[in-house]
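*Asks:* These protein sequence lines map, in sequence, to chains A and B.
Take 1 as the starting number for the first sequence in this note's numbering and just add one per residue.
Take 1001 as the starting number for the second sequence in this note's numbering and just add one per residue.
Since the hints were derived computationally from the structure, they do not count as laboratory data.
Hints are not guaranteed to be accurate.
Below 20 angstroms or equal to it, Euclidean Cα-Cα: the simulated DMTMM-like pairs (lysine to aspartate or glutamate) are [stated by the list, open to error]:
| no. | chain 1 | residue 1 | chain 2 | residue 2 |
| --- | --- | --- | --- | --- |
| 1 | B | K1049 | A | E38 |
| 2 | B | K1049 | A | E39 |
| 3 | B | K1052 | A | D161 |
| 4 | B | K1052 | A | E185 |
| 5 | B | K1049 | A | E46 |
| 6 | B | K1052 | A | E38 |
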Amino acid sequence: MTPPKDFTAAIGSDMRTSMRRVLFITRRTSPQVKAYDEERVQTFPEVLIRALLAVECMLIALVLMSLFFNAPLEGIANPTNTPNPAKAPWYFLGLQEMLHYFPPVVAGVLIPGLLVIGLIVIPYFDINIEAEGFFLKNRQRRLRLSMIVAGALTIFLGVFDVYVALVPTVLIAGLLLLAAFSSPESTNRFRRYLAQRPISWWIMTWFLFELIVLTAVGTYFRGPGWSWVLPWRS
Amino acid sequence: MPSTIETYFDKLERTRVWKSIFRSGKGSSTLHNALAIQQNVFLHLFPTKVRKRMLGLGATWYLGTLTLGTFLVLVVTGILLMLYYHPSVPQAYSDVKDLQFIVSSGLFLRNLHRWAAHAMVFLAFAHMFRVFYRGAYRAPREFNWVVGVVLLLVTLLLSYTGYLLPWDQLAYWAITVGTNISSAVPLVGEKIRFLLLGGHLVNANALLRFYVLHTVILPISAVLFLAIHFWRIRKDGGLYVRESEPGAAAAQPTSEEQKPL
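Required output: the full structure, derived from the provided sequences and hints.
*Replies:* This is the structure:
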């Protein structure tokens, strides 16, 4: 008769992530597999009522806006009279701003194409799945790498005179630099926060800044011939 | 003592006809509340229960819910607008003028459609960034993120195709600028543009094509992808919760993990 083993082993596999978990349970202990006990509420009616309320509040805001602000309507379409500037809807003005600097095949096809592909593949990169701070490991090498990338981008945008897109890039590069020299135990809350940001956060935040700045510039700061105008001096 | 309305409602719910329509039956027990979700063709896309701390405003800001809300507003106002609109040149423009000045509440209807459309684009973007910054796109929710990206593109296209329909200067030149970009696609650019516009210029054919895209093809696509999007929330283990947040269970359980080993 073989002596009883000191532990029992079990394997749980999650097919979706193809990860394997090996569980060792030592004898006479009770490693209670955490039963799911978080408080839950019924979707009907509690969640549905809340959702309805949220939508209702938004609807009130939209109705008020519709009562006080009229949707724009200009003269009938006239193919012989081009308005200057001819602007796309606001959510495409970031692209139109890019179109001002780069040839259409770059600004109109390459950049948006890469953006969509980039967005789609985000969850399929499982590097750094624990989302730990970018500079917490290999700090020197990563700092050098990120500064090379930021520098190359800065030079590239500078050469093409894309100063509008340069601003967020330089801003993010500065924050990266600050993050590299901050520790997660820093007394400063902001620096503590930056030090813990993973690489995906930096890329997405750069994208968000670019989106906001380019859209805002295209909407408010562009006049005839796509020249720079100040919205408060019309 | 229950009011008269309540009594009538109570009687109504006991009728054979009511019972034949609503599978969940009458009652307010936990079971009946669960059945009300599970036995309804639309609501069964959602889970019967939701983690309580996901209901706070801070967890999601209700951005997904609000995006759906704007979509519903757009469907209702859009159908009403369709009653007054002909997708032809120059009738389209005078129809919009009529909406502004002659049709009762036409101005309000158009305003609501326009502002809700802008709100939907904004909310879809906000929802995407919110999901990203919470890290809710990670496994097993990867595919639902992809569906979300598709929905964002459908939203943009819906808004963009609707932009041409008033057939005013703003619409005409915005679509001219936009469709000129598509001709920059290598090799097939001109063909894509021709397909979109039904010609080489933005003209009556383009208006009709954009109308069909805006009122039939894109809304149906949106509804299909929305159904997948909601259903996957339930299938992927409900709204994402962070382990590090207060009140979290020891681990982030997926539906599989809830089963004992």
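*Asks:* If you check each hint against the structure, which ones fail?
*Replies:* 3, 4
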